[in-house]
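Asks: Single-letter residue listing:
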Amino acid sequence: MSVDIIILFTFIMAALWTVMTRSLLRSAIGLALTSAILSIIMFRLNSPLAAVFELSVCSGLISVLFISTISLTHPLTQKEVLEHMRERLARFWLLPFIVIVLGITLSLIDIRPVIKLPLPETVKDVRVVLWNLRQVDVMGQIIILLTGVFGVVILFKERVKK
Amino acid sequence: MYSSLILLPFLSVIALNLPFRNLMKKLAFVVCLLVLLVQISLIVCPSICIWSNDLDIFGSFLQFNFAVDNLSRVMLFCIGIVLLAALFVQRYIIDDEERIFNFVNVLLLILIGMDGIVMVRDIFSLYIFLEITAVGSFILIGFNKDVDAFEAAFKYIILSVVATVLMLSSIALLLIVSGSTSFSSISDALKTSPDSLLISSAVAIFLCACFIKAGLIPFHGWLADTYSAAPAAVSVLLAGIVTKTVGAYTLIRIVNSVFGFESSINSLLLVIGIISIVIGALAALGQRDFKRMLAYSSISQVGYIILGLGCGTTLGLAGAVFHLFNHSIFKTLLFVNSAAVELETGTTDMNGLSGLSKKMPFTAMTSVVASLSAAGIPPLSGFWSKLIIIMALWMSGFYVYAVIAILASVLTLAYFLSLQRMVFFGRLKEDSANIKEAGLGLMFPALILALIIVAVGLFFPFIINTFILPAGNILGG
Amino acid sequence: MIDKLLLLLLIILPLIAAVKILIIFRKFPKLTEAAALSATLLNLLLAIILFKSEIRFFAPWLGWGLDFSLRLYHFSAFIILAIAGFSFLIALYSVVFMRGKPCLNQFYVYFLLTLAFANGVVLSDNLLILLFFWEGLLLTLFGMIAIGNKNAFQVATKAFIIVGITDLCMMIGIALTGYLSGTMAISQINLPLGGLASLAFILLIIGAISKSGSMPFHSWIPDAAMDAPLPFMALIPAAFEKLLGIYFLTRICLDMFRLNVNSWLSILLMIVGAVTIILAVMMALIQKNYKRLLSYHAISQVGYMILGIGTAVPAGIVGGLFHMINNALYKSCLFLTGGAVEKQTGTTNLEELGGIGSKMPVTFICFIITALSISGVPPFNGFFSKELVYDGALQRGNIFYIIAVLGSFFTAASFLKLGHAAFLGKLQEKNNNVREVSFSMLLPMIVIALLCIVFGVFNYLPLNKLIGPILGESRLGGHNFSGFPVNMKLVVVSVVVLIAALLNHIFAVRVKGSAIKASDHIHHAPVLSAIYDRAEKRFFDPYDIGMNITRKISKVAFLCDKAIDWIYNVLIVKLTFAFTNEIKRLHNGSYSMYLVWSLLGLFLVAAFLVH
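Chains as they are written, first to last, in this note's numbering: chain A, 1 to 162; chain B, 1 to 477; chain C, 1 to 611.
Source of the hints: derived by calculation from the structure; they are not laboratory data.
Hints are supplied without guarantee of correctness; some may be wrong.
[What the hints assert, rightly or not] With a cut-off of at most 35 Å between alpha-carbon atoms, the simulated DSBU-like pairs for lysine-lysine come out as follows:
hint, chain 1, residue 1, chain 2, residue 2
1, B, K358, C, K574
2, C, K584, C, K359
3, B, K358, C, K158
Model, not experiment: these values are computed from the prediction.
Produce the complete structure using the sequences and hints provided.
Replies: If you want it as structure tokens, here you go:
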């Protein structure tokens, strides 16, 4: 139990760091970390398939995308950041209210699916899941990472030289 | 046997990046050429593949669950052809060995991605391979590293990420329903479970993700900027096959194998298709940039594919696949020619071009062939596929759509004629006296593609019975 | 297998030669000539090898009965051989005649293409394939006329429009025939006449007789005679067009439709034939130019063939077909003599000629033989075929016979005038240095002239070997048309007519004092002179009449057109561009905007599917 508590706490800390940090790059890395911890939680909850998806998708793919994208932008100065935050506040002050109102409305409508959910899957070893069931996907992810590496090499290496 | 289509490029990439880089840099072009030729020959005559037995060693511990049907074969063939054209174009335009090497690496990875897309039968694997293709395309769009290219790459990645997120959420919802991610089990689960909000929204979200990838209106924002700002070879690649595979093919496969042809999905496809055709054509008419016009024309032509799909009949499906094939070929040809024009004149702005047919007769001629095929002029290949689509619409009772589709092909003719007139015909400008025909490296792929267009048009009865109708017969499979 | 390849080679060989000349030999006239000669020679050899064999070639093409099928049998082999022979001889002639002329290269390209298409027309056993080659001939016809002198382009346009319109009729006819019979394979079509089939018959006939240059589709031929290169005249209007047109006409009348004596269509054909004979020959009579005079005869003689085939009786049909090959022989030879005269004296205007017979004896002799043939003097070939046509015409009605004989009278008269004016009489001073033409120009003339004699004296050769099988035993009904005509009354009448023509000529020359004015008494006869005046001013040219009507219609149409144009060019374009501009305005390049669209689209799609 105590392990779970610690993991959950770390999870929240990672999530907070992701949101609060001002560097986009760090934020993206934080996101990857958060989802990695989330997948650990899923493993602990006996759902290895979901865990593998979470791990591969969020910490793998999306991170590569985000990091590559962010690398294309140039960092803002401190002043610009502050100005940007202020502007954002002025623009989006309505957003929290909308979210709250939407949440209440949705909770009033019953949208729970009427379908029968499949039985929780039997416990599977992560190795079995990864190698026997999801072989193509693992291979695909390796290739994506490879592609990401190529992207960084091709697009950014020479830039740094300049 | 077909898993070698994934393994071969993968091993090539690894081999290319082993030590002896200097040697490998010299070999890169040849290796890529060979890989693509192997793919094409494997599709054209499967009996020649002598390695099918040898690769069983891999099969013993790699259990790739690939299934290849006629639709996949048509796609694999297109992929081979278009990538070959892109490779030639890049090779011709760029001399730098290092850059060719980089390009070849990413091209091979994209090849893996697209081959995977057309062969997998699992929705999550599909997503993975889509991602490979998307990341690879993104790198290539920014390949030239100028501001426009980065902006285009950025737009592409943003909308691609949106599509990714949509697709993932849809997969998650479908996973709730079926508990598995393979096409057949999801399809079964959808048939047995009652119609619910959950399923409908999962379907809607997935379809929208595909629409974004295919660049259909109103999901097309990234397309024109990307096509026009990308380097020439990458435009060839994107317009020729990437968009078609990740968008149109995925849509065909998912609707056909997973969601099934329900009336609501059909009418959605028809509406989106017809909007794309008309607005794409109208937008193309107003463009004054060679590549931008081609980009909007792409939107319009993909609309035809979706329209054929929306019929929900075997004939419509066959027409969609055939048009997909034709569009790959003629759009690749047009982009190769635009690359030639851009290389020789330094611009793709049609206002600055005129009378190029005197200096570049070959390019002008092949462009005319491709344009006429696109506009559906008999006996070129494009005519037959449009005819099949319109016939399918008519036989399914969608008279209004059929009529609009016919009228829109007049618009197609209009913008292609204005393109030909502005770029190739008319008076030659005085300052363009030094322009000459592009070299063999560009003429060769253009010639091959033009020959394919003419040959497919002339031998249409043979083609339709051998390749296209069997591809349409996958209906519901 | 090998014979099928040879069959295809008949079409492919001239095509390849044409392409070779067009692309490779462009700058080398010698090579061009050699290529053309060798291609026509090879073609001739092929035709001889394949003669007497029956071959079918079949390759599925579009489906729905539209297949690439060729068929060689006795009739088509005969025509193929004739075409091959003429094309070789005329190629030989052209080598000298065309040397040094501009557009040499183009001439040979069109020449060989024409040969390929003509072979294709004769061989094809599918109406669609036939139409394809037929239209190909239209293009080469245009090209060959257009490379003549300055006016040639206008004449070419005229020919193109006339032949194009009739080809259009034929196209409709072919569609109709295919619809009625359910097949496009010529050898399988066998339709009874009546109703729609009659319409199809007429439409097809229009195509066939227009190709052979009959009235009222003739008016480009005299113009082309003046402006197009001369070997063209000897090759196309004199030989090829007669062979192809009459070949197709015979196929239509005998094989595809069952034309019989009782049909009004038979009468129609005979009327067309008779009118063509008499009107064209009247025009020929008053011409004062060697080539133009011949060109009217080229039209007039078609009348005999159409009349003969139109009679639908065995004698007439055999006569018509025999006349087709005879006419191709003597008419092309006559044009060749015209070319020889033009080459040596530089003119074909009869007023500037005269007395050159002594300077060019061989040409003169060839002219005499062929002129006697065309006038129908025994024992030359023209006599026998004309007698057969007379026989057929007499069986169907006196009026047709009378017109045909009258035509013969004028033919003889006009050739007496032509020969007298060109070759006899006083030699003009500037022609003192005229010499005989070179051997390779003489050879074709001599060969053809000899053939005229052979086909006359040994007329059982063509009649029994070549023409008999076309009708078949059952249709011939045991008749044997070879040898000297049986009906002596007809022969007597013909001879009397010929003598009358001779007397008329002698009388006229004596009165008017010169050979060239020998036809003036007919030209200036009370009623005729008014008609002739108008004809010379092209009052009766169907092309000009058609053009005038077209011009008036187009004026009215122009007004309607302007209104419709406004809708298309102004209204629709404006609307389109309004839309286009609006769409362009919306694409402002902002990706957040594009994102918003996508999300809106998502909501709409979701709403649509969920509803």
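Asks: For each hint, tell me whether it holds in the structure or not.
Replies: Right, here's what the structure says about each hint:
Taking the CA atoms of B:K358 and C:K574, the gap is near 32 Å; set against the 35 Å cutoff, the hint holds. For the given pair, C:K584 sits about 81 Å from C:K359 by alpha-carbon distance, which is inconsistent with the 35 Å threshold. Of the supplied pair hints, the one linking B:K358 and C:K158 holds, its CA atoms being roughly 31 Å apart against a limit of 35 Å.
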